[in-house]
Amino acid sequence: MRRTISLAALLAVTGAVSAGANSDLQSLIDDPNQWVIQTGDYANQRYSKLDQINKENVGDLQVAWTFSTGVLRGHEGSPLVIGDVMYVHTPFPNTVYALDLNDNGRIIWKYEPQQDANVIPVMCCDTVNRGVAYADGKIFLHQADTTVVALNAEDGSVVWSVKNGDPSKGETNTATVMPVKDKVLVGISGGEFGVRGSVTAYNISDGSMAWRAYSMGPDEEMLVDPEKTTVLGKPIGKDSSLSTWEGDQWQIGGGTTWGWYSYDPELNLVYYGTGNPSTWNPAQRPGDNRWSMTIMARDPDTGMAKWFYQMTPHDEWDYDGVNEMILTDQEVDGQMRKLLTHPDRNGFAYTLDRETGELLVAKKYDPAVNWATEVVMDPDSDQYGRPQVVAEFSTEQNGEDVNSTGICPAALGTKDQQPSAYSPKTETFYIPTNHVCMDYEPFRVSYTAGQPYVGATLAMYPAPDSHGGMGNFIAWDNIKGEIKWSIPEQFSVWSGALATAGDVVFYGTLEGYLKAVDAETGDELYRFKTPSGIIGNVMTYTHDDKQYVAVLSGVGGWAGIGLAAGLTNPNDGLGAVGGYASLSDYTALGGQLTVFKLPD
Amino acid sequence: MAPVPPRFKGKMMNARHLASVLATGLIVAGTSAAAQSSTDAATDNITAAYDEDGRYFTADDVPTFHVAEDGTVDWPTFSGFRRYHAECHVCHGPDGEGSTYAPALKKSAINMDYYDFVDVVTNGRQVVNAAEHQVMPTFGTNKNVMCYLDDIYVYLKARGADAIPRGRPAKKEAKSDAIQQAEDACMGS
Chain A
1 MRRTISLAAL LAVTGAVSAG ANSDLQSLID DPNQWVIQTG DYANQRYSKL DQINKENVGD
61 LQVAWTFSTG VLRGHEGSPL VIGDVMYVHT PFPNTVYALD LNDNGRIIWK YEPQQDANVI
121 PVMCCDTVNR GVAYADGKIF LHQADTTVVA LNAEDGSVVW SVKNGDPSKG ETNTATVMPV
181 KDKVLVGISG GEFGVRGSVT AYNISDGSMA WRAYSMGPDE EMLVDPEKTT VLGKPIGKDS
241 SLSTWEGDQW QIGGGTTWGW YSYDPELNLV YYGTGNPSTW NPAQRPGDNR WSMTIMARDP
301 DTGMAKWFYQ MTPHDEWDYD GVNEMILTDQ EVDGQMRKLL THPDRNGFAY TLDRETGELL
361 VAKKYDPAVN WATEVVMDPD SDQYGRPQVV AEFSTEQNGE DVNSTGICPA ALGTKDQQPS
421 AYSPKTETFY IPTNHVCMDY EPFRVSYTAG QPYVGATLAM YPAPDSHGGM GNFIAWDNIK
481 GEIKWSIPEQ FSVWSGALAT AGDVVFYGTL EGYLKAVDAE TGDELYRFKT PSGIIGNVMT
541 YTHDDKQYVA VLSGVGGWAG IGLAAGLTNP NDGLGAVGGY ASLSDYTALG GQLTVFKLPD
Chain B
1 MAPVPPRFKG KMMNARHLAS VLATGLIVAG TSAAAQSSTD AATDNITAAY DEDGRYFTAD
61 DVPTFHVAED GTVDWPTFSG FRRYHAECHV CHGPDGEGST YAPALKKSAI NMDYYDFVDV
121 VTNGRQVVNA AEHQVMPTFG TNKNVMCYLD DIYVYLKARG ADAIPRGRPA KKEAKSDAIQ
181 QAEDACMGS
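Heads up: the protein sequence lines correspond to chains A and B, in order. Numbering-wise, the first sequence is residues 1 to 600 according to the working numbering. Numbering-wise, the second sequence is residues 1 to 189 according to the working numbering.
Hint data in this document are derived by calculation from the structure and do not stem from the laboratory. Errors might be hidden in some of the hints.
Chain B residues, not near chain A, derived (Cβ > 12 Å throughout) [stated by the list, open to error]:
{"hint": "1", "residue": "Glu52"}
{"hint": "2", "residue": "Asp53"}
{"hint": "3", "residue": "Gly54"}
{"hint": "4", "residue": "Ala59"}
What the simulated footprint calls covered on chain A by chain B, stretch by stretch (three residues with Cβ under 8 Å from a Cβ of chain B suffice, anywhere in the stretch; the number is not a length) [as the list claims (entries may be wrong)]:
{"hint": "5", "region": "117-123"}
{"hint": "6", "region": "437-448"}
{"hint": "7", "region": "553-564"}
Backbone N, C-alpha and C define an ideal beta-carbon position, used for all residues, glycine too.
Excised from the complex, chain B in its bound form (with noise of 0.2 Å):
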């Protein structure tokens, strides 16, 4: 197995690293390399330990959302849910609720490992019988996705441990300076 490159695991992992990361073709190796330790330590992937220029992060460096008590939601959340019912919600419904067509990512974002929820988004999944016809696209060559995984995967993550209702979150942290410059560098702009 090729070694994982350090600042792949935990916080810096954002969504312009992600970029390149894919670019190099590393992102096979991080995901099983990753998936074992965060098995392990199921019951802390939700709350946040610690944030960095507006982003939340666990103990174990992956991405969650953070609600402070009066209801306001990080940036990343918000985000996450703009972009959500652009790119993800014709198939999955609103909210992360899922519909006839396409599962509830709501529960997906909790059930699944956080490198495994970065791997299907980016690579796709089948699973075509007699009985279903899903398919999950790969999205790993689509900017308005991949620039916002870690917005969607921490909204989505929040909508499956009940933190926020369904519909637009109603108060919001400013988008942090950090988040602009890694936006505007990742969409290339």
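If we strip away everything but chain A, and leave its shape as in the complex, we get (with noise of 0.2 Å):
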């Protein structure tokens, strides 16, 4: 009974603030001393203000303090500090811990939820999630099986608790969740179980469900408007989705949506990326697969949609749409333009008018991306925005059964979610990568609920003819659309970059190095080894004056998955063979937070 009544009295209290939650939660954001979401700000530019720490001093760094997160698992995403307080997550279990700053990390409070075990094998890739988010007072938790809870940040206890999805169908997640407004919005996993991919739109004062839009299937359960939600300036039309796929396929279509999603106050849009089109066959679901693989732009209060973008029609390759939307404003032929710039599982990075959807650039980030020749920038041509696929790398014009080999990117991408960081100050980004190929071989796979729809069998390996390395961390140019220095990298560089306005650029490698480079040069200025690969995102706060830089440790995920044994190449022939780095010869499994300062 008591519980009953605190429980009714917390909800009055967070209902009363929660008018006032977006401008406190943008104050707090605008605040470089703090870290309130994963991706730093709305813009999804991880970069901060705090120069402390600059590219002099730097290679003085040392490590302040550690702390383990119980769990040996790939550890995605960063901690949170909001006040005096760092939030920190693991994977499943999804354990939440509440670290006081100001008494040497002591644990306050400690939030572990009871999940089904068997949510485990249906995540495909590891049991990663990439952080909490803040807002209104509360710690929003979005665990693996799909049930969203809300903390209240001072104690830990559940304010409220919505099940998003179903595990038993496939349905999971790995991704953080994005609160705007008095909404908190929230994505879902499981492309290779065929889900249909959507966003759901929760209250944040009371967890009810505000609005649901999914990538595929009719108009009104999509949230598009014929007439007014356009796709390359034009309306969308009627039935856009439904006829782009071949029967009923669509309802297993895939087309998540566990990526980073940004939003712009000014515009009221908020921006994601859709996965890849279910299954990875592609002659079992002819046609262009809308809208998979798209780039969307939604009202955050209805969820209606203003604009798409599709980037890869009919996907043969798992080329998922949903890496990072960074939101710039930049002068682009003498004119201020308000820019999204994506660089994409496919190779590709794409920089469009954000306000529009108009294409701007497209442009390989890697020069080993050779499944497409060029996007088309022609409006008038009939293939305007469309890849120009290579015929030798389709594995759909090869057909079922046959094995298409030599294709870059791999599966994995020339960068998966690991997301990059955009300087003002150089007007750059920062871009993690992987650089590695692959053989694709489709054929024909049935459908059961629950598990795994892929239909394809792939044998990865670095990119021939390079420098043998199976990543590169690049400065990207959005407006030329060229690459301004790359550093080549032995392992695919699966950790979150961080700019500041010390002029330095931090990143971790999978070895398990916290690395600093010149944001100017790409010089090396500073790394120190974690006790794990680092698949985490680095972060930077400031606490009694002095600034931290952070990373999580704990090797996994796709990559651990992938590179642990090394990566081969088949075509090389058989002297080759073994001759490629195993990852388990660096690193092993970890779970440990990593705090960096300057000596006192």
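Take the two lone chains, each set in its own frame, and fit them into one complex as the hints suggest.
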């Protein structure tokens, strides 16, 4: 009885303050001393105005303190810092810790949800979680089993909890959530299980559903207006999705939504990408498979779509379109434009006008990319906005049961979810990339609810005729569509980058190094080997007037699965097999937070 | 203990029969009975003693691989390569080598009894405690796995025995009519 009363009282209190939630959250985000949402800011720039640690002194960096998360799995995402409290999350079982920065990281509270362990094997590619979010006095956790829970930030008690999907059908979650105004936006994973993707908005005050927009299906379920929603400047038209699928395949059609979302408060639009169409065997789903592989712009209040752009129609390679959407205001041809930059899995980095969805730049950000020659930029062409697929690398044209070889990039993309950073000082994007190619053989597959629904065999190997490594960390000019510099890495760079006003860019490596490089030149300024491989994102904050840099270690995710034993190139012949580096020679499982500072 | 149906033991236990056995719930009886015999003959669990319709078996009638002197592999080993890299490698890593997430199955195929292997794939397995969260799902209803279970098994055994290198087998025997018919029946096409 007592519990009921206190919960009701809590709800009343949180209800009262939620009206101001948006402006409160915005002012917290604007304060560089805190790190309030996973992406740093709504624009996804992952840029900090802090400059106490800068390119002159970053070489002196040392470890301030460490914290073991108690879980040995892939650790993606990053901690948050709100005021004097740090919030640290873990992979499954998705424990959340609140640590007191005033008391040497003492654990203020710990929340560990009870989840059915059967959710573990339906999470394709490890039990990662990309972190919690904060708004309105609440910490939002989106668990592996798709339970979205709002915790009281002060004591970790559950304010509300809601179930977003059904793991027995393969619906799971790996992503963070994004609080916008009085709602929290939530995605879903499971493209390899035939899940139909959607984004759902829940009301922050009580967890009730505000809207849900599917990636594919009937217009009313996708929340599109046939006349007002546009694609490359033209109305999307009626049944834009249904007309591009054969039969009912769209119902198990993928297009899941597990990436990083961004938000433009002035335009009142949220941006995100949709994943691969399901299955991986393109012959089983003729048509463009809209709106998988699509950048979506929606009104966060209603969910109604403003514009779509499909990057990879009728995917044949598993190039999910979920990567981050970075919002910048930059000059293009002498005119200030509101831009959206998106380095896609398919190896093209796209720059669009984020107000209209007009395509401005689409260029390869790894010279190895070969599956398409170009994206057609001529609005008068019937191929406008479409990639020009090279027949040799088309798994559709080569057909079922044929092994298409030498396709670049591999299915994990020129980059995957590992988020890039942008520095307004250098007007440069810092992109962690994979440098991996593949052989891909699609074949017939049958659908069973809750079971993998893949339908292709893959072999992956380092990009041939290159430096032999499996990754690069690059500086990208999103207006010219050019690489400024590129740092070769032995393994894929699977860690989110951080750029700072100190002219330093940080990123982690799969061997476990935290690296700091010069934002202008890419010259390495500092490295430190943490206990396990880094697939987490670097963040920074200030406590007691001192700047700290923090990152989670804990190898895993797709990188840990694909690279643990190293990759081999079957086309190199027997002599080269085993010649490439195995990640397991460099690092082992872990789960640790490492916090860095300058010497006192 | 329920009697083991005669055709359950040995070479007749191809994917098609396996599926029907599973449907009648007899797998448990078969597992424990057969586990005994193959432990006694562990050393014979690799070498092919005879073949039938393009599939190879040990003297104990357990499916196994066959690699000719010129490197040509039997069709099921090649098929197992394909199916493994569609269904299994997203957790267990390429080439049966294991990952940060799940164990190296090329070793399991050597160390585990065939019938135990079948049981784990069919019914799953959980090791969940403070130190680890390992959960193998149940694939019993998944045709993409169950119709090719013997193929996956012999492929992994070939990898574990170092009979074939990492990567895609370069040369393979042709797919036999019997294998094609069994596949069509199992997949329901």
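- Message: If I take the minimum Cβ distance from B/Ala59 to any residue of chain A, is it greater than 12 Å?
- Response: holds, 31 Å
- Quick one: work out the minimum CB distance from B/Glu52 to chain A and report holds if it exceeds 12 Å, violated otherwise. B/Glu52 is indeed farther than 12 Å from all Cβ atoms of chain A, at 24 Å.
- Query: Are all C-beta atoms of chain A more than 12 Å from that of B/Asp53?
  - Reply: Correct as stated: the minimum Cβ-Cβ distance to chain A is 20 Å, above 12 Å.
- Quick one: work out the minimum CB distance from B/Gly54 to chain A and report holds if it exceeds 12 Å, violated otherwise. Holds, since 17 Å exceeds 12 Å.
- the region 437-448 of chain A covered by chain B? Criterion: 3 or more residues, Cβ-Cβ distance below 8 Å. holds (count 7)
- Three or more residues of the region 553-564 of chain A near chain B by CB distance under 8 Å? That given contact holds, which follows from 6 residues of the region 553-564 of chain A lying within Cβ reach (below 8 Å) of chain B.
- Query: How does the coverage statement for the region 117-123 of chain A fare against chain B, requiring three or more residues with Cβ below 8 Å from a Cβ of that chain?
  - Reply: holds (count 5)
Going down the numbered hints, you'll see the structure goes against none, and every one checks out.
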